[in-house]
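K.L.:
Heads up: the sequence lines are chains R and X, in that order. Each step along the first sequence adds one to the number in this note's numbering, with nothing skipped, and position 87 is 781. Each step along the second sequence adds one to the number in this note's numbering, with nothing skipped, and position 48 is 175.
If you're looking for bench data, these hints aren't it; they were derived computationally from the structure. Where hints are given, some of them may not hold.
Once the Cα atoms are required to be at most 25 Å apart in a straight line, the calculated DMTMM-like pairs of lysine to aspartate or glutamate come out as [claimed, not checked]:
1. X:LYS136 <-> R:ASP793
2. X:LYS171 <-> R:GLU709
3. X:LYS167 <-> X:ASP197
4. X:LYS163 <-> X:GLU180
5. X:LYS171 <-> X:GLU151
6. X:LYS194 <-> R:ASP793
7. X:LYS198 <-> R:GLU782
8. R:LYS795 <-> X:ASP228
9. R:LYS752 <-> X:GLU223
10. X:LYS171 <-> X:ASP145
11. X:LYS171 <-> R:ASP793
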Amino acid sequence: AQSVTQLGSHVSVSEGALVLLRCNYSSSVPPYLFWYVQYPNQGLQLLLKYTSAATLVKGINGFEAEFKKSETSFHLTKPSAHMSDAAEYFCAVSDLSNDYKLSFGAGTTVTVRA
Amino acid sequence: DTAVSQTPKYLVTQMGNDKSIKCEQNLGHDTMYWYKQDSKKFLKIMFSYNNKELIINETVPNRFSPKSPDKAHLNLHINSLELGDSAVYFCASSQETTSTDTQYFGPGTRLTVL
């Protein structure tokens, strides 16, 4: 069975600083990995996804993530935080062993300081 | 032009009541889902339908009954509501059920059981 661990339930960054959200996965077969963002009182929106093509994946709003099989990681980064990046971020994994159902991590709340 | 819409947005009710949440998608997708997000923001899939057929049914009490009158709609009916049913329920849709398909989420329905 696959699972996802997001390290750090809360991350606080200064505006203009690097945003780094950590995600490690566990999967017995090749995984597909996703990052979703949830703004307050809204549904989830896909930021980016890894589908076994390029290991460095670029998403919307300046975010990117790198799939590292040796480290079983899929960390999300953004070079320069903006106030509008304040939200909840979820890493998710799906694979054949679980009929490709999405399994979400516990989420990381990002706050951005002016 | 809301892609995935849910009604109502908020639902407050007494224990023991029966309630329904409606979901509609105008994306022409074949697959729809219901997720439950608990108070700790943990997201878990409940059901999935593909072309009106149930394909995923997680370990959910049988008080929860999804109904798909057509592939653009997936409603969730809950009988005999319990305090533990309080959560945010998200509907989502995707083109297919493949591993890499992006799921599009609705804005959520916040259910409070008193």
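K.L.:
When the structure is checked against the list of hints, which entries are broken? Sort them ascending.
P.N.:
1, 2, 3 and 7
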